[in-house]
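**Q** Quick mapping for you: the protein sequence lines, in order, are chains A and B.
Residue numbers for the first sequence follow our numbering, so the first one is 1 and each next one is one higher.
Residue numbers for the second sequence follow our numbering, so the first one is 1 and each next one is one higher.
If you're looking for bench data, these hints aren't it; they were derived computationally from the structure.
Worth double-checking, as some hints may not be accurate.
Chain A regions said to be covered by chain B (calculated; three or more residues, Cβ under 8 Å) [to be verified]:
#1 100-109
#2 114-126
#3 289-295
Below, simulated BS3-like cross-link-like pairs (lysine-lysine); rule was C-alpha separation at most 27 Å, straight line [what the hints assert, rightly or not]:
#4 A/Lys91 with A/Lys121
#5 A/Lys71 with A/Lys177
#6 A/Lys177 with A/Lys121
#7 A/Lys177 with B/Lys84
#8 A/Lys91 with B/Lys84
#9 A/Lys71 with B/Lys84
All residues carry an ideal CB built from backbone N, CA and C; glycine is no exception.
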Amino acid sequence: MSAKLNVHDLRKRYGTVRALDGISFCVNGGEILGLLGPNGAGKTTTVESIAGLTEPDSGSVEVCGIDARRKPREAKRRMGLALAVTALQDKITPREALESFGAFYRRRAGAEELLARFDLKPVAGRSFDTLSTGQRQRLALALALVNQPELLILDEPSAGLDPEARRNMRAAILDVKENGGAVLMTTHDMDEAQRLCDRIAIINLGRVVAEGPPADLIARSRTTTTISLRLQSPIPPGALAAIQGIGGLECTDALVRFVATNVNEALAQLIPVLDRHGLDIAELHAQRATLEEVVAGFL
Amino acid sequence: MQGVLQQILLHLRLNFRSRMAVLYQYLFPIIFLAAFRTVYRQERFPLAMHVGELLTITILGSAAFGLPSGIVSDRERGIWRRYKILPVSSFGILAGTLVTRYLLLLTAALLVLALAMATGMPMPAHPFAMWAAFTISAIAFMGVGLDLAMLATNVPAVQALGQCIFLPMLIVGGVAFPLSSLPAWAQHLSAFLPGRYSVQAIQACVTGTPAAAQFDVLALVAIGVTGAAAGLLAFRWDNRQRPSPWIALALLGWLIAGIAAESRGIVHVSAARQSAARGRESPPYSSAEGPYNAGTATPVSRR
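With the rest of the complex left out, here is chain A (with noise of 0.2 Å):
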């Protein structure tokens, strides 16, 4: 699959402080990449480095194989980008913004298709003063995907939609992927992330810190898991001390609670415990580290 985005050794900095420090990654036609990362962590100024509204410093930004700083308006003739917060003219409708920022485009999708599949066709003529921040965030994915693009760039997408207008801005995301375009998209929303990203990257101060895919990068994470049980009879106090590599011990009468690295292992031990003083397990929970978790034990 050819690469849609590849950026290389992007640098930026503001003063004396270094918003991105190096940056690279790539997002493949078909893919949905997700950048995840703490406030400052530098996704804003990639998102911006790529798509023209930043200059940095240094480093290189190929857009569909376009150098996209030497040829800025070739680049952004393949990109779409919605961003976290869009301004308009307060008196535009939003039909007359598909018509007039698709005018701009020689591929483009029809504004009443749009606004269909985004749910705007109520709100077609009504002022963008008077739209509530959902509608105002779906007519931003609708100005993204108005060139039909083959690099969607979201930054914070879903930030103000109701479940309704998510699953519409999932299925879009979803269906530029299908037709073989890339996705790169910044969130907060790990459930999100997790559910549509086929990879992420972890960016702190303005590197990035982790790449892969989701399971993959929770299953490579140093976090631990959580297991609990509910036994028949209360365990008498002290009994579990001996188990190795565990932590966090709770024990309240017949509930006990406790986190382990190496869950199999914390088992083998446990059971023979159990046996020891006559304990059944009534229920056994094991919830391993949530990408959330995983993405804090990056950082």
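Please build the complex by placing chain B on the supplied structure of chain A, with the hints as guidance.
**A** For chain B alone, coordinates are given in the frame of chain A:
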């Protein structure tokens, strides 16, 4: 190109949806028209000798306040950033904005002329030449407005900077008061300001001969070209960008015009010379055949 044309149509529609913009665009020149009509009510052809001033004030108001306020307000709110994502140059976006502004200005000028003619002013002697002079003046002043927009960081700053251009141009720049009534130092100063050239170029086409305004037109072109170039080179898509030193280029046009006027010795204007330039004693209106023949002005006129 299609995108820029769409932008022009869109901006025109959006402008007419804003009551304040419409009010400012048309009410402001009408107030000046009424003021001039009152001051010069005893002239035989009311307002005819003041079309240059009236249209220049219309252009100046739009350039010093309307145009830069719109650009800066949109930039402050992040609208220009959204446009930057589009595959269009800053020139393309600005061209759309400036053409829209020019068309609005033209409608305001036509309204002023229509009202002036409705109250007794005869048809301008050279309407097409007047339109050309008006257009060149508009381009020169819109370049100034663009520079103000690139210099100002917020709308209150536009108002402050706009006043710095607007008031001196009105008072000592030969726009609201005749050059011949100004002291020598003010006449020298006015040679470095575009207002006087705009007034003279337009007025020559209304009551005189367009050929007499050759220097004024060249001065306006110099001011317009340098102003527009400075505005484009210093263009700021968002407020995170600082004002560029390229803005200083705009002053080059003003300097060129002023120095050229000084070196040609055409800065000092006497009442007789101003009258001649305006056409009262110039052919083809020196005889009874023209509407603006000599000796028609009353004592309250520009002395």
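**Q** Now tell me, hint by hint, if it's right for this structure.
**A** Comparing the hints with the structure gives:
As drawn, the segment 100-109 of chain A meets chain B at 5 residues by the rule of a beta-carbon pair under 8 Å; at three or more, the given contact holds. A stretch counts as covered by a chain when three or more of its residues have a beta carbon under 8 Å from one of that chain; for the segment 114-126 of chain A and chain B the count is 0, and the coverage is violated. Counting residues of the segment 289-295 of chain A whose CB lies closer than 8 Å to any CB of chain B gives 0, so the stated coverage by that chain is violated, three being the minimum. Between the alpha carbons of lysine 91 of chain A and lysine 121 of chain A the distance comes to roughly 17 Å, so the proposed pair stays at or under 27 Å and holds.
Distance hint between lysine 71 of chain A and lysine 177 of chain A is fulfilled; the C-alpha atoms sit about 25 Å from each other, no more than 27 Å. Proposed proximity of lysine 177 of chain A and lysine 121 of chain A is supported: the alpha carbons are some 25 Å apart, at most 27 Å. This hinted pair checks out: lysine 177 of chain A and lysine 84 of chain B have alpha carbons roughly 25 Å apart, not beyond 27 Å. Restraint check: the Cα-Cα separation between lysine 91 of chain A and lysine 84 of chain B comes to about 20 Å, which is no more than 27 Å; the hinted pair holds.
With a CA separation close to 14 Å, the supplied pair lysine 71 of chain A and lysine 84 of chain B stays within the 27 Å bound.
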